[in-house]
Amino acid sequence: GENVEQHPSTLSVQEGDSAVIKCTYSDSASNYFPWYKQELGKRPQLIIDIRSNVGEKKDQRIAVTLNKTAKHFSLHITETQPEDSAVYFCAASKATSYDKVIFGPGTSLSVIP
Amino acid sequence: DTGVSQDPRHKITKRGQNVTFRCDPISEHNRLYWYRQTLGQGPEFLTYFQNEAQLEKSRLLSDRFSAERPKGSFSTLEIQRTEQGDSAMYLCASSRSGETRDTQYFGPGTRLTVL
Chain C
1 GENVEQHPST LSVQEGDSAV IKCTYSDSAS NYFPWYKQEL GKRPQLIIDI RSNVGEKKDQ
61 RIAVTLNKTA KHFSLHITET QPEDSAVYFC AASKATSYDK VIFGPGTSLS VIP
Chain Y
1 DTGVSQDPRH KITKRGQNVT FRCDPISEHN RLYWYRQTLG QGPEFLTYFQ NEAQLEKSRL
61 LSDRFSAERP KGSFSTLEIQ RTEQGDSAMY LCASSRSGET RDTQYFGPGT RLTVL
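Note that the protein sequences, when read in sequence, are chains C and Y. Just so it is clear: in the first sequence, position 94 is 94 by my numbering, and no numbers are missing. Just so it is clear: in the second sequence, position 108 is 108 by my numbering, and no numbers are missing.
Mixed in with the good hints, there may be bad ones.
Pairs of lysine-lysine residues, derived as DSSO-like cross-links and limited to a Cα-Cα distance of at most 27 Å, are as follows [what the hints assert, rightly or not]: (1) Lys37(C) <-> Lys71(Y); (2) Lys42(C) <-> Lys57(Y); (3) Lys57(Y) <-> Lys37(C); (4) Lys68(C) <-> Lys14(Y); (5) Lys14(Y) <-> Lys94(C); (6) Lys100(C) <-> Lys14(Y); (7) Lys14(Y) <-> Lys22(C); (8) Lys100(C) <-> Lys71(Y).
Derived by calculation from the structure, the hints in this document are not laboratory data.
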């Protein structure tokens, strides 16, 4: 089955710097890659997603890139702010009749003011 | 609030007891998922419903676990003869099927503590 790895497990950046989180997946049939942000004690919330027919997607300070050949995708956060501090999960899903999503282990991001 | 809701938010039980959790998805969503999340880990898939049909169960789900979605709306997850290893956050998510992969929206979770 699908396996998603994520690095780093923890990341500290100064406010205003950029943060990059990288993920790899094992199943070449996966074609949907969402990213979720989970603040302490709260539910995971989708922040951006990318489908395999595009290589990059951007939404304000957040961007995601996808390299299907290498089976890896990355989250980029620019101009980080303290409220970006949270655990970020990448995930992968196959184009079957339903969307079983396999999550990575998470990256704990701390933005230092 | 029109998001996914879960009840209860917290449950403390003694080992060996049965517990049942409820999930109410977003009203127009026909797909419903249950996940389990332990500290420091990502959500792990447990089971999935499309309307009232349970289409897949993870191998993580032992015979002590059962899930239902009798009318294709709310769902329940029951754990029988709870064990300390069942302590976790149980998350429910819902989505709407379509030609493109639709976003899964998560509920707030039910935190289970087995003493």
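Practice prompt. Any hints from earlier that this structure breaks? Give me their numbers in increasing order, please.
Written response: 1, 4, 5, 6 and 7
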